[in-house]
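Here are the chains, one letter per residue:
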Amino acid sequence: MKKTVFFLGVIISVLMTHLSYGQSIRYTTHTEAGVLSYGSPLLEESRFSAQTFQGVKLSDGLRVGIVLGVDKYKSYWMMPVSAGARYVLFPEQRNSVFFGGDIGYGLAWLNKKKQPEQSFRGGTMISPSIGVLFAKYCTVTISYKWQAFEENYELSSNNSRYSLIENKYDFSRLGLRIGLMF
Amino acid sequence: MKKLLALLTLGFSLTFFLACDKQETTYSYETKIPVFEKMSNIRDLSILIEDPKPIVTSGKIYIFKDYLLINEPGEGVHIYDNRNPASPKALNFINIPGNVDIAINDNILYADSYVDLVAINITNPNQPVLVERVEDVFPSQYVYDGNFINIITSYKDTVLTFTTNNHRGDMMFYDSFSPTLSNGNQSGGGNYGTGGSMARFTLSKNHLYTVDHNTLRLFNVSTATKPQFVKDILLGWGIETIFPYKDNLFIGSTSGMHIYSIKESDNPQMLSVYQHLTACDPVVVNDKYAFVTLRSGNFCMGNFDLLEVINIEDLSSPKLEKSYNMQNPHGLGLVGNYLYLCEGGFGLKSFNVSDIMSITENQLEHLKDMHSVDIIPGPKSLIVVGNDGVCQFDYSNKEKLKRLSCIPRTTQIP
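Protein chains in written order, with our numbering: chain V, 1 to 182; chain A, 183 to 596.
A couple of the hints might just be wrong.
[Unchecked claim] Cβ-Cβ distance ranges computed for the label pairs, FRET-style:
(1) V:F48 <-> A:L342: 37 to 47 Å
(2) V:S75 <-> A:S210: 38 to 48 Å
(3) V:S75 <-> A:M452: 35 to 45 Å
(4) A:T343 <-> V:E92: 51 to 61 Å
It is worth saying that the hints were derived from the structure and are not from the lab. Note that beta-carbon positions come from the ideal geometry of N, C-alpha and C, so glycine has one too.
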């Protein structure tokens with residue numbers, strides 16, 4: 001969570017610096033939905049993924065902002081909150097390749113406990129991406145997403161001895177999404 | 183445009199190699215692990231006499247002549263001058279490492295010391311003398327994997343941790359089932375023994391009979407100072423108590439009562455096994471009946487708190503006469519037609535059992551504040567072990583107990 005706050009701070013600082021030069025703010029958004037999968041085979045372990053990027057244009061090609069999403073891994077839900085950037089290679093053209101990068105923290109609070117002793121903890125999320133912007137607003141994105149996640153069970157037996165199971169997951173996924181970018 | 187597509191294809195290809203899952207699972211659990219010690223080192227320690235010291239955890243109690251002996255589990259035996267039960271006087275403490283059970287025959291104290299049986303002359307209780315040691319006869323909970331050289335002397339609490347790593351297809355996702363790690367003691371310590379079910383000693387017809395959790399073990403003590411191992415008889419699991427009566431041994435187990443004839447004292451013959459519900463069960467008997475208590479609890483398993491009266495007129499075919507609900511019955515003592523029953527935290531009860539079909543209707547007293555787990559009706563006093571320590575009652579009037587004294591203990595019975 002501290003990392004998220006840190007990166008948000010960086011984004012805000014960049015924006016403030018940008019504004020201090022007197023340029024007008026140009027808002028931008030990039031909202032996408034798709035799947036996360038192992039990638040090989042292509043749709044193995046496919047789960048839902050969606051995110052929205054809300055930010056500003058620092059130049060015609062470069063956009064920075066905050067990304068809020070929701071992803072499913074196996075049976076676990078994550079809500080990544082991250083700082084993100086998009087760079088459209090040829091902004092003056094109707095079709096272009098663009099690059100993206102998000103880094104932040106995946107919140108685990110969407111998961112419901114199935115046992116009283118169960119607990120979840122989110123973790124760092126990193127997602128570089130590459131995509132195609134076509135017809136001026138439409139996008140197809142391929143991304144790599146790495147998400148840390150922890151699930152713990154603390155158990156006590158009849159005579160009060162305790163046992164603990166800590167599962168630390170590093171989810172690595174291929175993301176395929178379509179969306180709109182303005 | 184072709185360059186753009188090439189870049190896109192490259193990025194797409196890279197993700198094929200990156201996409202996977204890693205799972206690191208760390209299991210941590212609290213358990214008991216055995217502490218080993220060389221038996222030769224223990225034997226080298228001479229049986230030491232020590233000044234009287236407070237009772238920490240009273241174990242078995244034993245009366246002999248005017249002496250009251252109280253076992254300090256794993257440590258040794260407190261000896262009290264009990265000529266006046268209203269004021270027992272601590273004489274000394276005999277240091278016997280690994281001691282749990284005791285019996286006395288002609289001033290010779292028999293005691294287990296881990297895997298050994300020791301015979302100690304206590305003619306002068308202030309100068310006990312070790313007269314014999316029979317080695318390696320009580321493997322029970324002390325020997326692991328047949329090793330009599332390094333024995334288990336205790337267990338210590340430990341948190342064990344181990345980690346497993348899985349990738350992708352091997353991953354275990356616990357949301358699909360409920361994890362049920364056992365604590366081992368069962369845990370806790372895997373296959374290293376479960377505690378409890380410790381050996382019991384009794385003397386009859388020139389033989390010392392001992393039981394541990396699955397074995398009846400005989401020693402010929404016709405020469406008191408030279409106990410000689412005779413043989414083992416395998417009884418089955420859950421053996422707890424042994425009670426001699428005339429030519430028979432009544433052996434209580436968690437699943438029933440074994441009756442053995444000792445007409446041939448060195449060759450006990452099984453007469454019958456009376457099966458009952460799974461529970462702990464001390465036994466006392468008279469000519470016609472055996473009184474058995476069944477107790478529930480973690481260690482004792484089962485969920486029954488009963489007093490059973492079993493007709494043993496035909497020893498080869500014991501029959502249940504009647505069963506009474508109790509609260510948490512432990513040890514019991516029978517004096518003529520009077521039964522004294524320890525109810526653990528629920529106190530001490532006394533009954534007139536002349537009519538075995540209406541025992542609870544003939545309850546005489548219920549001392550609710552007298553936590554009690556074990557009892558000996560002695561010649562001078564009724565001796566009761568409980569959280570208050572070792573207490574003695576005047577029971578010259580069998581229907582009205584009068585407390586005489588209590589030797590306190592420093593820990594509580596769970």
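For this session: Can you let me know if the beta-carbon spacing of V:S75 and A:M452 is within 35 to 45 Å?
Result: Hint violated: Cβ distance 57 Å, outside 35 to 45 Å.
Problem set entry | 37 to 47 Å as the expected CB spacing between A:L342 and V:F48, which holds or is violated | With a Cβ separation near 39 Å, V:F48 and A:L342 satisfy 37 to 47 Å, so the hint holds.
Problem set entry | V:E92 and A:T343 - C-beta distance against the hinted 51 to 61 Å | For A:T343 and V:E92 the Cβ distance comes to about 59 Å; the hint holds.
For this session: Return holds or violated for the Cβ distance of V:S75 and A:S210 against the range 38 to 48 Å.
Result: 24 Å, violated
Of the numbered hints given earlier, the model fails hints 2, 3; all others are met.
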